[in-house]
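Now for the letters of each chain:
2 protein chains.
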Amino acid sequence: MTRFLSKLGGKRFMSFMKHTCGTKLVPQVQVCIRNMNELNRLYCTSKYKQIYLIDEDENTNLDCRYNINKYSCRSHTCGQLKSSNVGERVVLCGWLEYHRMNKFIVLRDSYGETQLLINEKDSQLTKILENLPLESIIQAKGTVLSRPKEMINKKQSTGEIEVLVNELKTLNKAKHNLPFNIREFQKAKESLRMQYRYLDLRFPQMQRNLRARSILIHKMREFLINNHFVDVETPTLFKATPGGAKEFIVPTRFPGEFYSLVQSPQQFKQMLMAGAIDRYFQVARCYRDESSRSDRQPEFTQLDIEMSFTNMNGILMLVEELLFYAWPEFLDTAPVKFPRITYQEAMESYGTDKPDTRFDFKLQDCTDLLKGNQNLVDTEDFGAYFVQFPKEYANLNKRVKEIISNVSARYDKAKLVKSKINTTKEWVDKIGKLLSPAVALKLVENYNIVDETVLFLAYGNKNEVLSLLGNIRVEYVNFLENLGMTIRKDGMHLSWVLDFPLFELSKETGRLQSAHHPFTAPHPEDIHLLATDPLKVRALAYDLVLNGNEIAGGSVRIHDPSLQEAVLDLLNIKRETMQHIIDMLGSGCPPHGGIAFGLDRLLSILLGTTSIRDVIAFPKNFEGRDPLSGAPSPISKEDEKLYHIKSIKT
Amino acid sequence: MTRFLSKLGGKRFMSFMKHTCGTKLVPQVQVCIRNMNELNRLYCTSKYKQIYLIDEDENTNLDCRYNINKYSCRSHTCGQLKSSNVGERVVLCGWLEYHRMNKFIVLRDSYGETQLLINEKDSQLTKILENLPLESIIQAKGTVLSRPKEMINKKQSTGEIEVLVNELKTLNKAKHNLPFNIREFQKAKESLRMQYRYLDLRFPQMQRNLRARSILIHKMREFLINNHFVDVETPTLFKATPGGAKEFIVPTRFPGEFYSLVQSPQQFKQMLMAGAIDRYFQVARCYRDESSRSDRQPEFTQLDIEMSFTNMNGILMLVEELLFYAWPEFLDTAPVKFPRITYQEAMESYGTDKPDTRFDFKLQDCTDLLKGNQNLVDTEDFGAYFVQFPKEYANLNKRVKEIISNVSARYDKAKLVKSKINTTKEWVDKIGKLLSPAVALKLVENYNIVDETVLFLAYGNKNEVLSLLGNIRVEYVNFLENLGMTIRKDGMHLSWVLDFPLFELSKETGRLQSAHHPFTAPHPEDIHLLATDPLKVRALAYDLVLNGNEIAGGSVRIHDPSLQEAVLDLLNIKRETMQHIIDMLGSGCPPHGGIAFGLDRLLSILLGTTSIRDVIAFPKNFEGRDPLSGAPSPISKEDEKLYHIKSIKT
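In order, the protein sequences belong to chains A and B.
Counting along the first sequence from 1, when you hit position 198 you're at 198 in full-length UniProt numbering, and nothing is skipped either side.
Counting along the second sequence from 1, when you hit position 40 you're at 40 in full-length UniProt numbering, and nothing is skipped either side.
Do not rely on the hints blindly, as some may be mistaken.
For identical chains, the list gives no copy identity; a pair is met inside one copy or between any two copies.
Below, in silico cross-link-like pairs of lysine-lysine (DSBU-like), each with a Cα-Cα straight-line distance of 30 Å or less [said to hold, decoys possible]:
#, residue 1, residue 2
1, K646, K246
2, K246, K649
3, K641, K246
4, K246, K637
5, K127, K141
6, K507, K637
7, K187, K173
8, K398, K154
9, K154, K507
10, K649, K637
11, K173, K536
12, K574, K637
13, K433, K536
These are computed hints drawn from the structure, not numbers from a lab.
Bound conformation, chain A alone (with noise of 0.2 Å):
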């Protein structure tokens, strides 16, 4: 016991064990050290790390304080014992996963299973068993026994030993034929799952999933209070945004006022900047309603970070070293500086600005060339591009070209042609009809364009050229790898995408809107333009991508009242809808920037789910729906009237 005390210290510590000494707590402690040898073999066999992803670090979660059984009605959990325990009397609870001849039963809890043995001569003990369906919750007392050497299971953790029980408890029934098993190998289809979600979260897979996220985000917050950022919770009831598309509402009980709930607390961060909280962050609860868009949820959690007194620089460097701090330790490697590209290079290069980094071929441009036959040029926004396979990843089957055809489709300012090069010289004949014969040998000879491979080049109007092309790129590998072959990099690759333009075209609209939103801040070497060439205005706006995805997005903000304001007339929003923003920005805030990540994304990305809805404890389904307790559903009358709302239904 000393040997533990002097090795944690603290006079907090040491305070606390003086008190607790005193108490009902002895023996727990005293329990918790004699066992500490085996939690400290539990801790290191491979399983239970992939279940719970412990720091390795033998100090950090082995002191008698935190053992796992503590406040329970239980000795171990079911994934604990090992032969060293062999002799000692156990009580274990859990599911009853198995049970055969009445002799042997398999229990499970969410850290293992561990055989138990009953004695056949037992009526007591068989009566229990008899009949008691499975996933019923038991708790069992007995003592820890070797397996005979034939029947050690290497491949459970509990593998060496079984328990001899002499009393058998059942805690809870369950009821027999449950919707579904708790079966890998009878994994039940995903609506299935959702409705029972309860049943399906028993999986080894969900419970890595859902352990995983609290580890990894208690980590980064852990990081941030180290660095003196302070957590503040911001109202998720806030004012409805004038023409705030895809924003939920509220109603109350003032007749005809509702509150919106908010899609991110980035008004609120700001204000926080100007209030002198100058390092913020916040695992925010965001909500959006775009229900149509697959894969996504209609409230989802965003790690959300602001800080003032910094430049971009400062929360690159922040962020980067917040990853390499909360970095699962499943995964091998820690990133530690992210490559940066502009936004212009991502989209020259790999036609999209979540650039999938794991492999190569990238974009190629052909466009002066192509300029050289002016039949081909009926835009101004000229491009052309071609991204080309070699010889071993040269497939153009059936499949993929109709694969290849639905992207293209989606593109009406873009001509695609898709080439099998079975020799340069037959595929410059054929190509030259197109191109001329000039520009196509030309193509050949000045991009290194050989023989057998396959190419996809595109022209046009450049954007859609990039973004069909990029798609291209993508889809190509995905069928490749569909097929078997290993065409990406393994593990996590980062970047940083920099300077975004500050507007886009709305498509809609065919006006100015903002590509981040209306407080990023313009690149300062970029103002003079706003007045004159708004599209060409590069943002202090940055995101970071992850093999392909984007995982987090910010900005530096704008702090200067009248820049803010001539931004809002560009956007053509109302001044007045925003007034709290610039009469904060004229109260004395900050300069300040900062970032949000979704941690939904992340985590799916870092866990390798399909969907996020397999790192989301209670996900909705695609339209929104919670199969498991029916919502959405009717209102009352009586609700009506409390709201002043009458419902439509049409």
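Fit chain B to the known structure of chain A by using the hints.
Coordinates of chain B only, in the frame set by chain A:
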């Protein structure tokens, strides 16, 4: 540097240092090591501690990863510089708090104030200051000087030094005539403070409140994570409870169908227990529409905990250790074990289930005595109690009589007699006319009633009598303390209240309703009373009371599906509305229980604020309105159409 590396230790950190030292971070690391001594001192000043509530342990926050100026364009905060910094070149950022004679500036940030010295002859510098409004944001570079001896300000953490400025930059100009000044002695009224919350947050008091909140909640999380609890986020968009008053509703794009905003994660956390997340917690946003009750917020924060395979004692022990661990450093003593009293004891002694145990003056039971006069007994549930205040607290002036009468007016089944007892003899004569002389005499003799005291006697319906006297007990003490007396003991007084009744009668309908909620387990000793005398059934429910306020409440839950059905039947709740809970309990659900803390209330008490609004960054006002943004507000016709509703403006 080696000294720090070895001190910090850990493979991971070494690797971190190796990586970062190979990059641009090196200068940062050096800067911060150079400043270690200063930081050290900073952390030990009492002013800093007051604002920051930093752990005293020298090793905790002092390594160079956690330099408070990292990622920032300042070298020190405005609360950091000491005489040991004299001669250093520094960069400070902050708010222009004050300037005088173009010579002195007081610069303020979240951490303190620093006096800047301007060379009056430097026309470039003085020009910047000319007409620069207070609260403007400036950056100053300069050299630290010792203040002349007579100018040293011992009350200020930076009172030993001033900074001779050689470069001054206005980072953001404030407007003249802000709505109010950041001066303690000119504090604005609350509505204005809320409207310009970003100004209000600059006051040291609000800084302290928000920062203390952040640290307390983080320590709670840390304790729970260390103890293998899993932080699981549960949805806030849920199914509307049939007849669930107080629930906000959220219209969806499905005509006539609504989400509701959860009042608590209760149902989800129970499903997590069935889903083998055997130790759960969440700092959860909850919603309740009861704008009419003062000091309530439509959204509030709860620390929500649930555990499987445990019992009531396990949960109480967990909470005691949690609070010990997370207890704020700025409060002297951390709690260890909390006294436990039953609901019945609390009601009989304090007339409330939230006893303020900071002072005595318990209620005394004289029911049997008063029953001696059958004329007084007009009800079956007859009770008679009194509370007596000794000589030194005996003051029954007009003001307090009025207060007491107002309290008394809320009870129509309890009669109150308030007496200033000059001599007991005189009082027996007077009160004898009401109680009968014999009863009055016995009262004085048997209950130690003495001269020169104040006594409140009530009789009638027992529950009303207790509640009335419980209120008087508190109001009378409030009255005395408002006169300047000290009655309540200092500090934080925690106690558990146990054995709550399972049911109570609804005042509106006269029918059974849950005292806690429908999932609360009945006390095993009282289960036989469910069918025969349900109001007598105790629950396995518990509240944690701090200085007369409920700060947490919880219960062991029902895990048996048929018991749950029986309780729903008793409560007249249709089983099918809770079918997902009944199914869940029947799917293999461990015995479980939990608790939830009201964090806003807890923080308000720990920080000694007059309102919970002072521990919330952006509170709504008593009507549920947000004076800052103007929420709630009207919505557009498009929104009405999108959500298939029509506002009825009545």
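We went through each hint and held it up to the structure:
1. For the homomeric pair K646 and K246, the shortest alpha-carbon distances inside one copy (21 Å) and between copies (19 Å) are both at most 30 Å.
2. Proximity of K246 and K649 under a CA criterion of 30 Å is satisfied in both settings, with 21 Å inside one chain copy and 25 Å between copies.
3. Taking CA atoms no more than 30 Å apart as the test, K641 paired with K246 passes in both settings, with 26 Å inside one copy and 13 Å between copies.
4. In the homo-oligomer, the alpha carbons of K246 and K637 lie at most 30 Å apart both inside one protomer (27 Å) and across protomers (15 Å), since each shortest distance falls under that limit.
5. Only within a single protomer do K127 and K141 lie at most 30 Å apart by alpha-carbon distance; the minimum there is 16 Å, versus 83 Å between protomers.
6. Taking identical chains as interchangeable, the C-alpha atoms of K507 and K637 lie at most 30 Å apart only when they sit on different chains, with a minimum of 23 Å there against 41 Å within one chain.
7. In this assembly of identical chains, K187 and K173 lie within 30 Å of each other by CA distance solely inside one copy; the values are 23 Å within and 62 Å between copies.
8. Proximity of K398 and K154 under a CA criterion of 30 Å is satisfied in neither setting, with 47 Å inside one chain copy and 83 Å between copies.
9. When the C-alpha separation of K154 and K507 is checked against a cutoff of 30 Å, the pair qualifies neither within a copy, at 60 Å, nor between copies, at 63 Å.
10. In this assembly of identical chains, K649 and K637 lie within 30 Å of each other by CA distance both inside one copy and across copies; the values are 14 Å within and 16 Å between.
11. In the homo-oligomer, the alpha carbons of K173 and K536 lie at most 30 Å apart only across protomers (28 Å), although the nearest pairing inside one protomer, at 68 Å, exceeds that limit.
12. For the homomeric pair K574 and K637, the shortest alpha-carbon distance between copies (18 Å) is at most 30 Å, but the shortest distance inside one copy (38 Å) is not.
13. Taking identical chains as interchangeable, the C-alpha atoms of K433 and K536 are never at most 30 Å apart, the minima being 37 Å within one chain and 94 Å between chains.
The structure shown violates the earlier hints numbered 8, 9 and 13.
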